[in-house]
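Fit chain V to the known structure of chain F by using the hints.
Chains as they are written, first to last, in the numbering used here: chain F, 1 to 329; chain V, 1 to 203.
In short, the hints are calculated from the structure, not lab data. We put the beta carbon where it would ideally sit given N, CA and C, even for glycine. Take these hints with a grain of salt, some might be off.
[Claimed, not checked] To spell it out: a stretch of chain V is covered by chain F in this simulated footprint if at least three of its residues, at any positions, have a beta carbon under 8 angstroms from a beta carbon of chain F; those stretches are:
{"hint": "1", "region": "23-31"}
{"hint": "2", "region": "66-73"}
{"hint": "3", "region": "93-99"}
{"hint": "4", "region": "102-110"}
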Amino acid sequence: MKKLINHVDDVLAESLDGFAAAHADIVSMGEGRLFVQRRGLRKGKVALISGGGSGHEPLHAGFVGHGMLDAACPGHVFTSPTPDQMLAAAEAVETGAGVLFIVKNYSGDLMNFQMAADLLDREHATVIVNDDVAVENSTYTSGRRGVAGTLIVEKIVGAAAERGDNLAVLHTLGETVNKATASMGVALTSCTVPAAGGPTFQLGEDEMEMGVGIHGEPGRRRVKLTSADEIAVELTGAILKELAPKRGQEVILLVNGFGGTPSLELYLMVHAARKVLAAAGINVVRHLTGPYVTSLEMAGCSITVTAADSAMLALWDAPVHTAALRWGM
Amino acid sequence: MSHASFIRSATQTLIDHADELTALDQAIGDGDHGLNMKRGALAIQGKLPQLESKPLNDALKTMGMTCVSTIGGSSGPVFGTLLVTLAKELPPAPGPADLARALGSGIAALTRLGKAEVGQKTLLDVLDPVRRLLENRSVQPSGDLLASVRQCALDAAQATAQMEAIKGRASFLGERARGHVDPGSRSMALIIGAVCDSLRVTP
Numbered sequence: 001m002k003k004l005i006n007h008v009d010d011v012l013a014e015s016l017d018g019f020a021a022a023h024a025d026i027v028s029m030g031e032g033r034l035f036v037q038r039r040g041l042r043k044g045k046v047a048l049i050s051g052g053g054s055g056h057e058p059l060h061a062g063f064v065g066h067g068m069l070d071a072a073c074p075g076h077v078f079t080s081p082t083p084d085q086m087l088a089a090a091e092a093v094e095t096g097a098g099v100l101f102i103v104k105n106y107s108g109d110l111m112n113f114q115m116a117a118d119l120l121d122r123e124h125a126t127v128i129v130n131d132d133v134a135v136e137n138s139t140y141t142s143g144r145r146g147v148a149g150t151l152i153v154e155k156i157v158g159a160a161a162e163r164g165d166n167l168a169v170l171h172t173l174g175e176t177v178n179k180a181t182a183s184m185g186v187a188l189t190s191c192t193v194p195a196a197g198g199p200t201f202q203l204g205e206d207e208m209e210m211g212v213g214i215h216g217e218p219g220r221r222r223v224k225l226t227s228a229d230e231i232a233v234e235l236t237g238a239i240l241k242e243l244a245p246k247r248g249q250e251v252i253l254l255v256n257g258f259g260g261t262p263s264l265e266l267y268l269m270v271h272a273a274r275k276v277l278a279a280a281g282i283n284v285v286r287h288l289t290g291p292y293v294t295s296l297e298m299a300g301c302s303i304t305v306t307a308a309d310s311a312m313l314a315l316w317d318a319p320v321h322t323a324a325l326r327w328g329m
Numbered sequence: 001m002s003h004a005s006f007i008r009s010a011t012q013t014l015i016d017h018a019d020e021l022t023a024l025d026q027a028i029g030d031g032d033h034g035l036n037m038k039r040g041a042l043a044i045q046g047k048l049p050q051l052e053s054k055p056l057n058d059a060l061k062t063m064g065m066t067c068v069s070t071i072g073g074s075s076g077p078v079f080g081t082l083l084v085t086l087a088k089e090l091p092p093a094p095g096p097a098d099l100a101r102a103l104g105s106g107i108a109a110l111t112r113l114g115k116a117e118v119g120q121k122t123l124l125d126v127l128d129p130v131r132r133l134l135e136n137r138s139v140q141p142s143g144d145l146l147a148s149v150r151q152c153a154l155d156a157a158q159a160t161a162q163m164e165a166i167k168g169r170a171s172f173l174g175e176r177a178r179g180h181v182d183p184g185s186r187s188m189a190l191i192i193g194a195v196c197d198s199l200r201v202t203p
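One chain only, chain V, in its complex shape:
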């Protein structure tokens, strides 16, 4: 499998959904999330030829560093740290159990960085259910794993609407943030969904 296809599809979905992500952020943040993610996605797309020729881990690391140096805000360090951690933890041809383990390390790294925990209306609330699903399915394989992961991520992002924000800018709104989907979680779900879709087309 060429990782170029899922990199292209994950970055493209962020570019296509930039307005939606910005609108979500305008409701509970400062209204720039879509723009920032789009800037990072475009920077990664600009490096596609170089990323394609690298092994998966090196490509993930370059993508992570690109996020850190182009996105800014909290999304830069957060998505950057996640990608750099995955680059460190994943074997060259990862399976579901490897992914679950690496996501566990990613969640731990993000907890240290942002001092946030699961249940606080951040993208950890998407990563953690996906990690648990991958962990369970690697033990008891059943059904269409890609479809389940995709749905799990999208549902988990939607569920952040019911949470109160404790970290990040939405926390300044307190209860007023309730009822709105967390923009970072929506981005995370879009990325995971796009990766699943692209793995399905090019197994």
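With the rest of the complex left out, here is chain F:
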């Protein structure tokens, strides 16, 4: 393992301290590093709280600030945070209008957020994000994972919270955006959890994992590496099958890097995905491209498409000022 670290046990704490120092104008660190919170809380605004395992940076702490999250709770690498973190965060940033939790659909995250919600004596609701179409959905399984689409939910719901929408409205909006969003990813390499010391899985020079998640976990299928165009056809095709958009539908296209793939290739994938979408008569009206929901140093990318109406697009365009996303202010 080759990483820029001091001691394996200090990776998270030292990284969080660096993050808080670098973005001290936007965020401050909660006591005991249990959460990262936004500076300048607004009274009477619904508090948006997310969180999850670390290793996906900039998700979630990088999205704390004006127009997105009020607090983010970082767990250990790829491990959901504990209930006391969400409880402390809620108590610190709730200003009278209630708390909306945004949770990615993983058993651990659901259980820890649920335990926190059960203990919280303030009004609250939870949006569960499950945008990954690589995983088959069924009433009997854990269902689909929450992956890069989480960013889109956090941005759109965050903008609505900023303009003063109430908890019930935000809850419904979050579920609507989640339903309108689908993602799928491909990995070219695995990644190494610092404390584990070695890669989570091994891939041959000419292999890729199709339908991979964001934890260096194996995907649905291991296949021979193909061209970017063929990969884009498979990923985007699965997304379109799920969303079944009408011709002319306006969409937001997020091409997300997993941490080890350069912008050169990500923009090439944007080009490839746009061709597939154009052929289906889909109109890409907004783009976001870059490593936003990563899996440590894993190489590969995910494609996320959100079928957006004009109200959702207006919220997407609304001003945001966080460590990782900033526009309009």
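Here is chain V on its own, set in the frame of chain F:
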């Protein structure tokens, strides 16, 4: 009997097997199970002096809360809820029938929490056979109960390899998870085995 000895032995076995548990999790999960269990085990060991002086139920409750606040992931709430339920349900000096009953309540609590059932490649597939064994043996005592429970737990964990995962991260692999032992079940079996061993040494 001092419960300090089985707490020490159960936590130590998790620390000793951390690499093996992580390797199991790398095969079908995200490769952190051993590390997370080790973190919880070390946190509990750090509280040993305090746990030793408490009654069994209070010690179990403190251990459960320690799991919830230090392990994270699904293992934190799962092992935490199990311990807190045992703390609530067990009498101060439990026998096999008490244990069987309390495990039944634990299984019900975990079913509610994780919406999983027996047969879905989770640690319930270790707890349930152990519960049934304890229930039967409390009616018809025979042989070496500690040895039977220990073996039952280890065999049950091994048998999860043949199951398809329906809950948790391994479920994202579908059929590909088959052939691999469920890491949480292996942890559960290690804990049960260590408790049996320590009860044998210090009856």
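Evaluated hints:
1. 23-31: Contact hint for the region 23-31 of chain V vs chain F: holds, 5 residues under 8 angstroms.
2. 66-73: holds (count 6)
3. 93-99: violated (count 0)
4. 102-110: Violated, because only 0 residues of the region 102-110 of chain V bring their Cβ atoms closer than 8 angstroms to Cβ atoms of chain F.
Of the hints listed earlier, those the structure fails to meet are numbers 3 and 4, in rising order.
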